[in-house]
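J.: Sequence:
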Amino acid sequence: LFSECPHPDERQRRQIAKDLELEPKQVKFWFQNKRTQRKTQTERANNNALRAENERIQNENLVMKEALKNIMCPSCGGPPYDKEGHEHSLEQLRLENARLKEEREKVSNLLAEYMEKPMSELELELTSIKGSSSHDPLLGSSLKPGVGSACMNLCGSTSFSFQDEDIKSNPGSKITEMEKAMMSQVAMAAKEELFKLLCSNEPLWVKSSIDQRFVLHLECYEKLFPRINHFKNSKARVESSKDSRIVRIKAMELVDMLLNSGIWTNLFSTIITKAHTIEVLENGSLGNQNGALLLMYEEMHVLSPLVPSREFYFLRYCQQVEASIWVITDVSVDFMKNNNSNPYSWRFPSGCMIQEISNGLCQVSWVEHVEVDEKIQTHELYRDIVNNNIAYGAERWLMELQKMCERFTSVGAEYIPSYEMGRVITTLGGRKIMMKLSHGMVKSFYGILNMSSKMDFPQHLGDENSEIRISVRKNTNSSQPNAMIIITAVTSFWLPLPSQNLFDFFRDPIRRAKWDVMCYGNPVHEVARIAIGTHPSNNISIIQPIDPTTNNVVIIQESSIDPLGSYVVYSPINILDIKRAINGEDSSTMSILPSGIVISEDGQSIANARASSSGNGDTRTKGSLLTIAFQILMNNPTTMTLESVAVVNSLITSTIKNINDALVNGSDLGL
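Oh and the sequence shown: position 624 is 777 in my numbering, straight run, nothing missing.
Among the hints, erroneous ones may be present.
[Claimed, not checked] With a cut-off of at most 30 Å between alpha-carbon atoms, the simulated DSS-like pairs for lysine-lysine come out as follows:
(1) LYS427 / LYS254
(2) LYS181 / LYS171
(3) LYS327 / LYS171
(4) LYS360 / LYS556
(5) LYS388 / LYS528
(6) LYS349 / LYS218
(7) LYS528 / LYS775
(8) LYS388 / LYS427
(9) LYS596 / LYS667
(10) LYS810 / LYS732
(11) LYS222 / LYS376
(12) LYS528 / LYS222
(13) LYS732 / LYS627
(14) LYS775 / LYS667
(15) LYS349 / LYS360
(16) LYS388 / LYS222
(17) LYS596 / LYS627
(18) LYS732 / LYS775
(19) LYS596 / LYS810
(20) LYS427 / LYS528
(21) LYS775 / LYS388
(22) LYS775 / LYS810
Worth flagging that the hints you see were computed from the coordinates, not collected in a lab.
Generate the whole structure from the sequences, applying the supplied hints.
T.: In structure tokens, the structure reads:
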């Protein structure tokens with residue numbers, strides 16, 4: 154009755170009261186209360202609907218604001234105009250249009266005197282060539298033929314596909330279709346900016362007065378690409394760098410490798426400690442990966458625990474701009490803004506341009522452009538290297554890429570070079586297994602240098618006043634007892650000696666007994682050597698005690714050097730395991746626990762070398778920075794005792810003392 158007649162008149166109320174044996178007033182008040190109740194319910198439902206709509210609009214507004222930070226004009230590549238700027242731009246375009254029409258009339262009249270061709274045909278020809286463009290070659294063609302890369306043995310297959318193990322989605326961070334569309338717009342705008350940075354030189358890029366490296370001229374950059382800084386404090390600092398090098402790899406192979414986070418981590422194993430693909434937003438075209446768009450995560454760390462690691466959530470976008478040219482663009486996104494994760498670094502449009510040349514060679518131009526929030530200060534030993542774009546700059550990425558591609562070439566060799574020492578490794582299969590084993594050793598070693606993350610054992614270990622950092626983790630190697638633990642000790646210090654001489658000292662097996670306490674003073678010698686690059690010092694060695702009856706252990710060692718630094722990484726290995734590797738058997742179950750030394754010239758020495766090469770600067774080398782890391786396997790149940798700390802502390806302290814004793818007067822450096 155209420156739904157049909159919510160407002161009965163007095164006659165109807167009397168009739169209802171009579172039928173229900175109630176007073177007319179009771180019926181009147183019941184209808185009033187029912188109307189009030191229905192109105193309240195309707196208002197509450199409307200309020201809930203409006204509140205949900207408001208939240209949806211606010212979320213869309215936040216996404217749009219984020220996209221507007223990086224949006225660019227599709228016509229000119231510049232930032233969007235405000236209303237006043239838009240009117241001014243339109244007025245300028247009208248004036249320019251009028252001027253061009255005037256000039257066209259003049260040219261048309263002039264051409265009409267000498268040509269009988271109608272003007273419309275001429276315009277068609279001009280239109281047909283208007284869109285054609287070509288990029289000047291980045292390098293001449295006077296290059297020696299190269300060998301194709303063979304990275305399958307080190308990094309897995311280079312045939313591209315997004316494997317399940319390569320993608321680690323975040324269950325709490327579902328990406329909506331609108332967010333995907335916004336991310337796609339951000340990636341395309343970032344690619345346009347990166348392409349301009351790659352193809353420009355002065356005045357956008359200038360040479361640093363410190364070390365002659367290319368850095369962005371910030372005033373010029375901000376005029377072209379105005380943006381709001383990501384970090385809202387005075388400690389934020391911008392790093393920029395640019396470099397270009399020839400790499401011995403096919404362009405398409407390199408593109409595929411950069412789009413696979415597992416292979417990419419192996420490719421830059423001395424820089425990237427963790428990486429995975431969160432979601433594939435666009436698969437890209439078959440055959441050339443044009444349009445591929447990935448949401449990725451990476452953690453980077455170099456040189457020493459004194460250098461803070463960097464984390465990025467970013468988009469990686471691939472576009473083929475010409476038949477033999479690809480651009481890979483990286484740009485940060487606030488993917489984890491609602492979580493506790495708060496990275497202290499933000500990547501502006503960065504990445505590389507890959508140009509196929511010939512004979513398995515390509516030219517790679519690289520740009521790194523990041524903003525860093527220095528709430529976690531870099532130690533003074535490494536401050537110059539980090540602040541001068543050496544630690545994470547474009548030059549380091551390209552040098553590592555060059556060395557890895559040389560390694561691929563060595564892996565793919567069809568014969569064992571005659572200059573490789575020893576007759577221990579006699580088969581190509583054994584040689585490849587040894588190179589794979591050594592690469593895994595170096596990757597594992599660089600992973601332990603990043604000691605900023607949470608330890609398995611949260612209590613502080615060691616003396617706070619000491620420069621030695623100690624961490625503990627449980628052993629996960631299936632070939633060893635699970636009850637054992639691995640103790641890692643790392644220290645960094647400065648020596649007033651040239652880095653080249655230090656590198657030669659540490660990699661020399663004849664002088665090894667003078668500093669390596671694990672040799673117990675027993676002399677050792679090199680029994681086999683594998684070249685892993687064009688530099689004669691870049692090789693893998695098998696080192697054995699001169700008296701082989703002392704124990705059943707040999708040392709596998711890899712040494713590598715480039716203009717930014719060097720490393721000597723080694724691990725003891727059971728002689729039976731090394732024989733299996735030499736015979737070409739699978740090395741995945743072999744026990745490797747690497748230790749090693751990372752050497753870098755200090756920032757002032759690198760700056761002096763750069764300045765002297767340009768003819769204005771001090772040629773003297775100030776000194777070198779050393780990072781020494783040891784790993785020891787101990788049969789300890791679940792906690793680390795003070796005795797274990799003392800053993801590790803004594804080991805690394807004795808090594809430092811041996812190094813100082815051997816090098817204090819330069820007698821072992823050939824100075």
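J.: Kindly indicate which numbered hints from before are broken by the structure, ordering the numbers from low to high.
T.: Hints 1, 3, 10 and 18 are the ones this structure does not satisfy, whereas the remaining hints hold.
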